[in-house]
Amino acid sequence: MAEKNTLTEALLEAHHLLRCYQMAWYGKYFNALDPYQGQGRILNALKVSHIITQKELGKRLHIRSQQLGEHLQKLEENGYIKRHRSTIDKRALIVELTDLGEMFNLHKPDYDELFIDLSADEKTNLKESLEKISERLTELIKKENEEEIY
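If you're matching positions, the sequence shown starts at 872 in the numbering used here and goes up one per residue.
In case anyone wonders, no lab produced these hints; they're calculated from the structure.
Among the hints, a few may not be true.
When the alpha-carbon atoms are kept at most 30 Å apart in a straight line, the in silico DSSO-like pairs for lysine-lysine are as follows [stated by the list, open to error]: (1) K979 x K961; (2) K926 x K979; (3) K930 x K1013.
Let the sequences and hints guide you as you build the complete structure.
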């Protein structure tokens, strides 16, 4: 049982430290915008579309209109996006990435640096182990979503 806790604790510690490294990197280069939450998540969604209506962006990200508007205002003030009225439908606001917003999506931390001390075999074993863990997590998530809670 101690090994199970040690493995779990080691995995959770590695996850925590990875997030700390990620946030330190994004803090240094992009005012701590988290690529998976809030404004960073919006920028990553815009990477796919580049230009989209504010309403459609909100639908895709499942963000309420007011909350999205607040995030977009901050992104616009910081130069990551620009908004303007559609020439086709004057009621629609168009959101698009600026050059600075494009940079957010192009630059990422150098995660390969994490594996420098591992041999080729260790990298292969780690990759295979992580794939197994991911498969199991996917199964557990599906199971949790299928079960009804009363």
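Hints, one by one, checked against the model:
Taking the CA atoms of K979 and K961, the gap is near 36 Å; set against the 30 Å cutoff, the hint is violated. For the hint linking K926 to K979, the alpha-carbon distance of about 28 Å falls within 30 Å, and the restraint holds. Note on K930 and K1013: the hinted pairing holds, with a Cα-Cα distance of about 23 Å set against a maximum of 30 Å.
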